[in-house]
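Q: The opening residue of the sequence shown carries number 1 in the numbering used here; numbering runs sequentially from there.
Bear in mind the hints are in silico, worked out from the structure with no lab data behind them.
Ideal Cβ placement from N, Cα and C applies to all residues, glycine included.
Treat the hints with care, as some may be off.
[Said to hold, decoys possible] Label pairs and their calculated CB-CB ranges:
1) Arg178 - Thr53: 26 to 32 angstroms
2) Ser174 - Gly32: 26 to 32 angstroms
3) Pro55 - Val27: 42 to 48 angstroms
4) Gln70 - Asn29: 43 to 49 angstroms
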Amino acid sequence: MKTQNKNRLVLIAVLLLFAAPLLIAYVLNTQGWHPQNTRNSGSLVNPPVSVATAPVTIAGGAKLVWRNPQWQWTLLALPGLHCETQCQTRMDELLRMRLTLGRNAERLRIVYLGPQVSLSSFNAGALIVGSDDAGTFAKYRAQGDDALALVLVDPNGLLMMRYVEGYAAIGVRSDVQRVFH
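Can you build the whole structure from these sequences, using the hints too?
A: Rendered as structure tokens:
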């Protein structure tokens, strides 16, 4: 066999070696196969829902700006009908989780949309309290009276992920850290 033909065969073999995973992925995707398990703790909202025009009034009467120039993600806390002991404990847990993000803590804003709460936590200043004026987030709210559900909104105003009541705060933290990197 000539050296030139041998080099061509080696080149074709190398190309096939690198092209094979792409071809396999393409075929699996066109057949509708997707992995059963994912690493995220919340449920992805597919396709993402735009909430950029959803009217949310925050304390002082200002409107919440969804398209954030500081590139902050928004974690919406959506309680059930009442936010009492369990819900307030979960809120405090969220605020503490935000602190554990370290230098990335400023990249996450926590917005509470529900009945008035009294948090005695030292980091309650990081909480933005508001109201869902048009009921845009009603279907994402916690179903239990004293429960809390969450949704994660990206800096462009797209609702990306949902956490139903009973979520694990460490899972929320893990997901938030992933979106920051």
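Q: The structure should be examined with respect to each hint, and the outcome stated for every one.
A: Comparing the hints with the structure gives:
1. Arg178 - Thr53: 26 to 32 angstroms: The hinted range 26 to 32 angstroms holds for arginine 178 and threonine 53, with Cβ atoms some 27 angstroms apart.
2. Ser174 - Gly32: 26 to 32 angstroms: holds (28 angstroms)
3. Pro55 - Val27: 42 to 48 angstroms: For valine 27 against proline 55, whose Cβ atoms are near 45 angstroms apart, the range 42 to 48 angstroms holds.
4. Gln70 - Asn29: 43 to 49 angstroms: violated (35 angstroms)
Of the numbered hints given earlier, the model fails hint 4 alone.
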